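Participant: Sequence:
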Amino acid sequence: MEWYPRHRRDLPWRHTRDPYAIWLSEVILQQTRVKQGLPYYLDFISSYPTVQDLAAAPEDEVLRHWQGLGYYSRARNMHHTAQQVVREYGGQFPTTYTGLLQLRGVGQYTAAAIASFAFDEQVAVLDGNVFRVLARVFGLTQDIAVPASRKVFQQLADTHIPADQPAEFNQAIMEFGAIQCTPAKPDCLFCPLQSQCFAFQHGMVSELPVKSKAKAARTRHFHYLVLRHADTVYMRKRGPKDIWEGLYDFHLQETDTAELPAAELLAAVEALGGQLDTSRAEEPTQALRHVLSHQKVEAKFHPVWLREPLPAQALAAAGLNAFSRSQAEELPKPILIANYIDKLIR
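Residue numbers (our numbering): 1 to 346.
There's no promise every hint is true.
Said to hold, decoys possible - Lysine to any residue pairs mimicking SDA-like chemistry, simulated, CA-CA at most 25 Å apart: (1) K343 to T278; (2) K35 to R76; (3) K185 to W3.
Said to hold, decoys possible - Okay, the calculated beta carbon distance ranges per label pair: (4) A230 to R150: 53 to 63 Å; (5) V146 to N77: 20 to 30 Å; (6) R280 to R150: 49 to 59 Å; (7) E2 to L189: 11 to 21 Å; (8) L193 to T141: 10 to 20 Å; (9) Q108 to T278: 56 to 66 Å; (10) R104 to T141: 33 to 43 Å; (11) D53 to T141: 42 to 52 Å.
Just so you know, these hints were derived from the structure itself, not from any lab.
Note that the structure is a prediction, hence the values are computed from the model and not measured.
We put the CB at the ideal spot given by N, CA and C, even for glycine.
Could you put together the complete structure from these sequences and hints?
Facilitator: Here it is as structure tokens:
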């Protein structure tokens, strides 16, 4: 607790007790570094100052603000949660840990963070930083990737959180893990807990916490047909039960290999009722890799110029819509698609 006032970073969500602002920051910072998440937080809190503002916004607009942050299900859940708070709670967040758990997309960590930071409830927060600090200081060898281990860490954290300063304690241990007791190259030499740290005393700093490796990510081969006619580009909104739900991309041919034969490309265009404008032929891009948490996407973009606009019936069947470049720029898109449009579509 003495370490925290001298070393804490000056972050905007630490200057408020507003549960909405705290919740917003926690959702954005899940699986995201502070440096990357801070501009998004400032953008969201400026664009949607209250939970009512966020709830009333169109989903496409919310996804557009989220673009580039990844894990887009967080944005959709955040939007739905805002609507739930307005609809079921009159725009006021529940004030207890158990009450907060009733909100969509709010798990144990987020509920504990809001309950302690906004309402001073004595409940310990467990995130990756806290797991690491507790494992090293107390020599806990339970695998933190196993859900059953959470109970052990939670009980330990709950025994140490002070009743009079729960918010300060939670902020302190999270910050300590973020900038002092880091995953790689922790600053053990100048650590105030050095004499009490089991891992340091037993030469186990690099071994704790124990975390089993996740399954190897599978690779998917995406071949995007960038269908264009005059100033029009054809795009579609991705459906559920796959990555990037609700975001826009181009007509997709997914294959088992890194190549798309010319005959297959031509057949795909003809199936849409399109005719190639061979006078404007362009080479496909090199494969661009986009790494997600559970899979890798190898994407190639195949520019396809058309002699005539695609027929309406074919567009409807393929879920495609016609957009101008400026309209396409405003659509919510995976960063892979956004970068392609920004750099290569002229």
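Participant: Does each hint hold? Answer for all of them.
Facilitator: Structure-based check of all given hints:
no.: 1; hint: K343 to T278; verdict: 23 Å, holds
no.: 2; hint: K35 to R76; verdict: 22 Å, holds
no.: 3; hint: K185 to W3; verdict: 19 Å, holds
no.: 4; hint: A230 to R150: 53 to 63 Å; verdict: 57 Å, holds
no.: 5; hint: V146 to N77: 20 to 30 Å; verdict: 24 Å, holds
no.: 6; hint: R280 to R150: 49 to 59 Å; verdict: 57 Å, holds
no.: 7; hint: E2 to L189: 11 to 21 Å; verdict: 18 Å, holds
no.: 8; hint: L193 to T141: 10 to 20 Å; verdict: 18 Å, holds
no.: 9; hint: Q108 to T278: 56 to 66 Å; verdict: 59 Å, holds
no.: 10; hint: R104 to T141: 33 to 43 Å; verdict: 35 Å, holds
no.: 11; hint: D53 to T141: 42 to 52 Å; verdict: 46 Å, holds
Violation of the numbered hints given earlier is absent; every hint is satisfied by the structure.
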